[in-house]
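Each chain, written out:
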Amino acid sequence: MDFEFTKEDLKVRQELREFIEKEGTPEMFRETEDNGDIYGAPLGREIIKKIAAKGWLTPGWSKEYGGLEASEATCYAIRDEMGYMGVPFGFVAAHMAGPTIMRFGSEAMKKEWLPRISTGEIEFALGYTEPQAGSDLSAISMRAEDKGDYFLLNGNKLFNTSCHIADYHWLAARTDFEAAKHKGISMMIVDLKSPGITIGPIITMAGWRTNEVSYEDVKVPKENIVGKVNQGFYYMMSALDFERNFPLGRYRRIFDIMIKYAKETIVDDKPIAKNPLIRQRLAQMAIEIKATYLLYYNLAHILDSGRIPTYEASMEKLFATEVAQRITNLGMDMLGLYNQLVEDSKWAKLKGSIQKYYQTSIVETIYAGTSEIQRTIIATKGLKMPRR
Amino acid sequence: MDFEFTKEDLKVRQELREFIEKEGTPEMFRETEDNGDIYGAPLGREIIKKIAAKGWLTPGWSKEYGGLEASEATCYAIRDEMGYMGVPFGFVAAHMAGPTIMRFGSEAMKKEWLPRISTGEIEFALGYTEPQAGSDLSAISMRAEDKGDYFLLNGNKLFNTSCHIADYHWLAARTDFEAAKHKGISMMIVDLKSPGITIGPIITMAGWRTNEVSYEDVKVPKENIVGKVNQGFYYMMSALDFERNFPLGRYRRIFDIMIKYAKETIVDDKPIAKNPLIRQRLAQMAIEIKATYLLYYNLAHILDSGRIPTYEASMEKLFATEVAQRITNLGMDMLGLYNQLVEDSKWAKLKGSIQKYYQTSIVETIYAGTSEIQRTIIATKGLKMPRR
Amino acid sequence: MDYDINEDQKLIKDSAHSFLSSECNAMFVRDMEKSDQGFTPELWQKMAELGWMGVMLPEEYGGIEGNFLDLTILLEEMGYFCLPGPFFSTVVLGITAIMTAGNSKQKESLLPKIAEGNCIVSLAMVEENASIKPESILVSAKKQDENFVINGTKLFVPDAHIADKIICVARTKNAGNKEDGITLFLIDKEAAGLQVTPLKTFGGDKQSEVTFKNLVISSDNVLGEVDKGWPAIKKVLKYAAIAKCAELVGGGQRALELTLENANEREQFGQKIGSFQAVQHHCANILTYLETSKWMTYMAASKISAALPCDKEVSMAKAWVSDSCRNLQALAHQATGGIGFMEEHDLQLYFRRIKSGGSSYGDADFHREIVAQELGL
Amino acid sequence: MDYDINEDQKLIKDSAHSFLSSECNAMFVRDMEKSDQGFTPELWQKMAELGWMGVMLPEEYGGIEGNFLDLTILLEEMGYFCLPGPFFSTVVLGITAIMTAGNSKQKESLLPKIAEGNCIVSLAMVEENASIKPESILVSAKKQDENFVINGTKLFVPDAHIADKIICVARTKNAGNKEDGITLFLIDKEAAGLQVTPLKTFGGDKQSEVTFKNLVISSDNVLGEVDKGWPAIKKVLKYAAIAKCAELVGGGQRALELTLENANEREQFGQKIGSFQAVQHHCANILTYLETSKWMTYMAASKISAALPCDKEVSMAKAWVSDSCRNLQALAHQATGGIGFMEEHDLQLYFRRIKSGGSSYGDADFHREIVAQELGL
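Chains as they are written, first to last, in the numbering used here: chain A, 1 to 388; chain B, 1 to 388; chain C, 1 to 377; chain D, 1 to 377.
Hints are not guaranteed to be accurate.
[Claimed, not checked] Covered stretches of chain A (chain D as the covering partner; in silico rule of three or more C-beta atoms under 8 Å from a C-beta of chain D):
id	stretch
1	246-253
2	341-347
3	352-365
[What the hints assert, rightly or not] DSS-like mimics (lysine-lysine), calculated; alpha carbons at most 25 Å apart, straight line:
id	chain 1	residue 1	chain 2	residue 2
4	D	Lys-272	C	Lys-272
5	B	Lys-274	D	Lys-213
6	B	Lys-193	B	Lys-7
7	A	Lys-381	D	Lys-34
8	D	Lys-13	D	Lys-34
9	A	Lys-381	A	Lys-356
10	B	Lys-381	D	Lys-272
11	B	Lys-50	B	Lys-7
12	B	Lys-346	D	Lys-34
13	A	Lys-356	C	Lys-200
14	B	Lys-290	C	Lys-200
15	D	Lys-34	B	Lys-351
16	D	Lys-133	B	Lys-270
17	A	Lys-181	C	Lys-272
18	A	Lys-270	B	Lys-7
19	A	Lys-147	A	Lys-181
20	B	Lys-346	D	Lys-133
21	D	Lys-143	D	Lys-213
22	C	Lys-213	A	Lys-274
23	D	Lys-228	B	Lys-349
24	B	Lys-356	B	Lys-346
25	B	Lys-274	C	Lys-133
26	D	Lys-272	B	Lys-181
27	C	Lys-272	B	Lys-381
28	C	Lys-200	B	Lys-384
29	B	Lys-346	D	Lys-105
30	A	Lys-351	C	Lys-34
31	A	Lys-274	C	Lys-272
32	C	Lys-272	A	Lys-346
33	D	Lys-228	B	Lys-270
34	B	Lys-384	A	Lys-270
35	A	Lys-346	C	Lys-107
36	A	Lys-263	C	Lys-272
37	C	Lys-178	A	Lys-346
38	C	Lys-272	A	Lys-183
39	D	Lys-105	D	Lys-228
40	A	Lys-270	C	Lys-133
Simulated from the structure, these hints should not be mistaken for laboratory data. These figures come from a predicted structure and were not determined experimentally. Note that the Cβ used here is the ideal one computed from N, Cα and C, for glycine as well.
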């Protein structure tokens with residue numbers, strides 16, 4: 001047993017940190033935040049290409065496709081560090097589409113898409129959720145009719161973040177309308193500039209943008225189907241086992257900022273860090289952050305051991321996202337009345353970052369499988385509890 | 001709106017308190033605790049008869065049957081005060097059997113049983129739970145076969161506390177074996193000295209006793225059926241609406257003892273009451289106790305207004321029992337290593353009462369409807385949420 | 001013991017509900033958040049005509065002779081609809097301070113105007129240390145002949161940008177006992193040396209920095225006695241804490257309704273999500289937080305109305321309601337899922353207000369400490 | 001990074017599991033709770049033959065040269081089976097103290113005996129103030145020629161009633177720095193002036209009051225240097241905290257299994273109770289508490305094993321495990337219902353041990369304060 005980072009991993013983290021400190025600009029960070037923390041917009045693309053050039057976008061991929069053949073532990077460390085440094089960590093192309101193409105795609109598809117992903121040239125937007133298909137993805141109803149050499153798509157997607165800036169839609173659509181719900185869905189790649197696609201903004205309570213997307217007679221070439229037709233639901237679920245994780249990095253950064261704030265902010269002639277109630281809650285957060293990372297790197301360890309996480313991924317996502325909420329809630333409490341002031345207000349503390357992340361943290365326990373779904377997975381997959 | 005006690009209620013509480021301070025003996029309290037906090041044993045019966053003579057056992061009953069015709073608010077106050085003073089508050093005869101007889105029993109049955117209950121002459125033991133019927137009381141399977149002028153009973157009851165000291169069993173048994181589960185249960189009164197009844201002890205983790213009870217060819221006269229045959233399930237449920245409540249009294253007393261302990265116990269040269277963490281937690285408990293009583297007396301208010309509580313009773317029971325657990329848990333934390341020492345150990349603090357109630361508190365959120373059952377009732381009855 | 005509101009209060013509640021449901025829908029709330037003013041004079045005038053500004057005032061000042069419990073019930077409805085504007089600052093803070101500390105001349109000149117909707121008042125209390133303890137009052141007012149000269153900065157002053165009068169809580173003496181030496185000044189919006197700079201808040205309300213730079217004010221404008229202002233402020237803070245609770249409870253009620261609307265409508269896995277135990281139990285917990293918060297608020301409000309000692313009860317209520325409403329709001333979001341995270345869904349309106357309200361007029365830790373003191377700890 | 005135990009550790013785990021499942025069933029545990037001794041010499045001897053007492057000892061002292069992580073894994077199994085007896089006091093407390101502070105003569109004379117199962121050791125540390133801070137050591141040892149004279153009372157001394165040697169932590173000097181002036185004494189059970197009075201605990205273990213009345217002990221029996229005993233005790237306390245975590249994790253594992261056995265078996269409302277979301281989610285939360293506790297424990301244990309700085313990690317682990325195991329046990333009772341409240345059901349064994357273990361060697365508040373210090377707060 002060994003819970004220490006290797007020297008190499010520590011070095012990569014350090015390099016990455018220095019790199020982003022050097023290359024990141026306030027404008028880039030601002031653009032990123034406004035777009036819901038997914039890259040795709042001009043300044044984000046620029047820095048991501050540089051990160052990709054270092055191999056850090058897809059470090060675990062084979063060299064053939066532009067990776068470093070790094071361990072999962074290294075990949076997880078990089079991903080977390082990117083979050084910490086304020087560079088969005090959820091890359092649909094690098095973390096969801098790419099790995100699925102690698103596992104299930106044809107050779108031609110791999111050759112076409114993987115190098116463009118690993119260089120940061122293209123970004124995908126996730127196309128799963130629909131108005132009536134959230135927690136229950138088997139209910140996806142976007143219609144993709146087989147028209148010979150293409151599919152004709154009609155229907156609506158909801159909360160598809162970054163569609164307005166990404167290049168392609170990583171889309172789940174129904175290709176068999178008679179089969180059982182799980183057996184009629186296919187995964188496909190759709191150019192977001194295709195005629196018939198309308199992308200409308202939906203603004204979240206945290207201020208960033210997601211989208212509703214409507215498809216009206218959109219033609220998708222058959223070669224854009226990923227793997228086998230009608231296997232899409234299983235690909236999505238399989239990807240979740242491989243890819244479900246929540247790097248706490250950006251909330252860990254908030255925590256570090258809070259620690260500093262507690263040490264430096266004087267109330268009643270002493271730093272608020274000396275208030276026993278604050279001390280205990282900050283210590284508790286440090287403990288919970290530690291526990292989160294133990295769960296997080298266990299996922300990497302399982303993958304590096306050649307196994308596939310199941311309930312462990314759900315547990316990490318569940319635990320980490322609840323910790324994220326507790327961190328920001330504590331931050332709000334520490335700021336007291338100042339917690340109300342937004343970034344560009346006079347007297348705002350810590351650039352209003354606490355209240356911004358406090359609001360964002362609300363969705364962490366909801367998207368990519370609610371906490372309730374994760375608990376059910378832990379119970380049924382992890383503990384084999386009965387379904388009836 | 002008015003949340004103050006009337007002068008009369010304050011006076012009754014005061015009288016009751018003084019009465020028990022005068023009449024209660026250590027032997028009586030000890031006997032009570034060993035028997036699972038239900039009276040029935042010799043010393044308990046003695047004091048209960050005196051309490052009954054004051055009208056405090058069934059204060060809400062009509063004078064005809066030995067009551068004071070007091071308001072429910074007064075009844076609730078008395079019941080809580082009895083808990084606070086260490087006199088068991090769950091009287092099956094006075095609080096469950098009696099009111100059901102009053103609502104559904106024949107005139108003859110009322111005349112026979114109610115005066116004996118209100119004078120404290122007899123006590124009942126609850127006979128609902130069976131090995132396979134806990135949360136789901138409709139699954140009761142104790143068989144009561146109609147043999148003309150009597151029923152013949154066979155089957156087993158579990159966790160029927162105080163059967164070994166009570167006089168009668170307030171029994172739910174199945175009288176129709178073909179009908180739907182809810183429609184074949186009858187309530188009846190069984191003399192616990194009847195031939196064929198075997199009562200075996202089960203000791204709880206808190207040290208007090210409950211029972212398993214087996215019925216083998218036990219004859220119960222037909223006149224002992226309460227109300228109509230096969231209506232028992234509805235009587236049980238109706239009684240729950242009327243009678244479900246959890247007077248926090250005895251845990252409130254523990255809390256008062258903890259407050260005193262915190263003020264008097266010196267650690268590092270100052271009372272532990274000055275430790276900010278302890279202060280906050282004690283204050284929080286005082287707040288939650290206040291909230292509990294607001295819910296508790298609302299039940300009395302609803303009844304006094306001529307309405308019947310539904311989800312409100314579930315909410316009070318749910319909330320109060322969780323508060324009880326938090327009180328004892330805080331007590332354990334405040335005692336530190338001393339929390340381990342039991343009553344008769346050298347160096348024991350507060351006579352080991354904290355750890356004893358800490359253990360007892362575990363069952364409060366389980367018996368008489370688990371917290372989960374209560375939440376479901378709140379959702380479906382209180383919020384009308386859909387069953388499917 | 002009586003948990004029911006009386007007939008008059010039921011009338012207040014019902015008429016407020018029906019008035020606000022037509023005058024103050026969620027779109028209006030959003031518009032007001034975005035506007036500079038944060039209210040419309042038209043709505044303000046209508047509210048005045050309904051007698052709302054005068055709910056606690058005696059008839060002689062144009063009021064309807066209600067009590068604090070009546071106000072509580074009104075505020076609960078305002079919280080339900082997220083009513084924007086200076087009602088809280090004018091009526092809860094302003095009227096309470098003037099009624100408590102003002103002399104008859106001040107009352108006569110101000111209260112009828114307020115009741116008519118022709119005077120907006122606010123209270124400038126909190127300073128950079130963001131505390132509501134007496135030792136935190138550092139803005140100074142120095143006697144100079146028959147005048148005082150005020151210098152310093154107040155923060156988080158609600159609705160100062162539109163206030164006609166600002167009551168400034170200033171220090172006129174540095175005594176060992178920090179409750180001594182605090183004086184209240186009634187300052188006109190036109191006073192020289194007064195500067196109001198709006199802050200930007202996430203709670204949707206309007207607050208400002210208010211600076212006093214050699215602001216000269218005559219002794220006539222002292223509200224109450226010189227150096228003896230703290231008891232009035234303490235009373236205002238108690239009223240404000242419970243008034244805020246009432247708003248939070250109203251908001252919590254609406255958050256629950258929004259949650260139920262979605263849960264009883266939306267289907268996943270072939271059934272209404274409201275039929276899942278996990279969602280049902282979240283909602284049961286929401287209702288439990290809500291009802292305990294409601295009774296705690298009413299209990300404290302009825303003590304205030306009856307002029308009974310209530311420091312402990314007020315702090316119990318504010319601590320409990322601050323925490324509980326935050327918890328219930330988190331459960332509401334969790335039970336509602338993605339749609340509740342969108343700006344266009346109304347749940348977020350309550351999320352922001354509930355957190356702000358929890359921090360205002362003493363957060364849960366602050367009030368628990370008072371409860372601890374009241375317990376003799 | 002490697003989350004797997006190695007082959008040797010797997011062997012320890014499996015053999016301990018199989019040995020204890022036959023030698024230490026729940027009936028035996030109950031018998032030992034009721035007995036005066038709280039252990040059987042037969043089982044103790046068998047454990048010695050398996051090399052358990054010497055798990056951390058070098059070969060020269062009859063040990064098997066394992067490390068603290070190996071011990072952690074063994075303790076986890078002991079916690080799973082609620083193993084009664086003086087293993088914790090002898091091996092975790094006693095051996096650690098002797099190995100850390102003892103001179104070679106002391107080691108040679110004691111350690112082989114311990115390894116053979118012929119010497120039971122305990123540590124008398126805590127006093128009436130029930131604290132584990134250095135300033136709480138007040139039992140005094142006064143130099144008198146070549147001897148020391150010890151006076152005072154120790155409490156909560158584990159297994160003192162059967163110990164052959166008791167290590168007494170005493171104050172030999174009153175310095176400003178309270179870590180200075182603490183000395184460890186190796187006291188024989190036969191020593192004049194030593195009195196052991198059993199306490200009655202609800203955790204099922206055996207603890208005693210130990211009083212020293214003019215107990216005269218020669219300087220040869222000082223363990224380590226005079227006045228310099230605190231660093232060794234600090235190390236013992238760190239080991240003990242994590243060792244206790246390991247027991248709690250093992251107990252938590254069993255509590256989960258008991259819960260699942262019932263949930264997957266019992267039917268109510270026509271279905272297995274384990275199929276209800278409410279029960280499933282309780283169990284998911286139990287598993288989450290358990291796995292985080294396990295990794296926190298292993299993480300700290302592996303730091304200890306590697307002799308890395310670990311004050312922060314040890315305190316993080318103890319704080320988290322103390323709270324989490326208490327929480328998971330409460331959920332286990334809630335999911336199990338009435339049957340779990342009965343003495344005859346094994347769940348209660350864990351309930352009691354988990355609460356005691358949480359309070360021992362620093363509770364969660366105590367360790368969070370250390371974490372705060374380590375964070376520079």
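For this session: List in ascending order the numbers of the hints, as given earlier, that are violated by the structure.
Result: Hint check: 1, 2, 3, 5, 6, 7, 8, 9, 14, 18, 22, 23, 28, 29, 31, 32, 33, 34, 35, 36, 37 fail, others pass.
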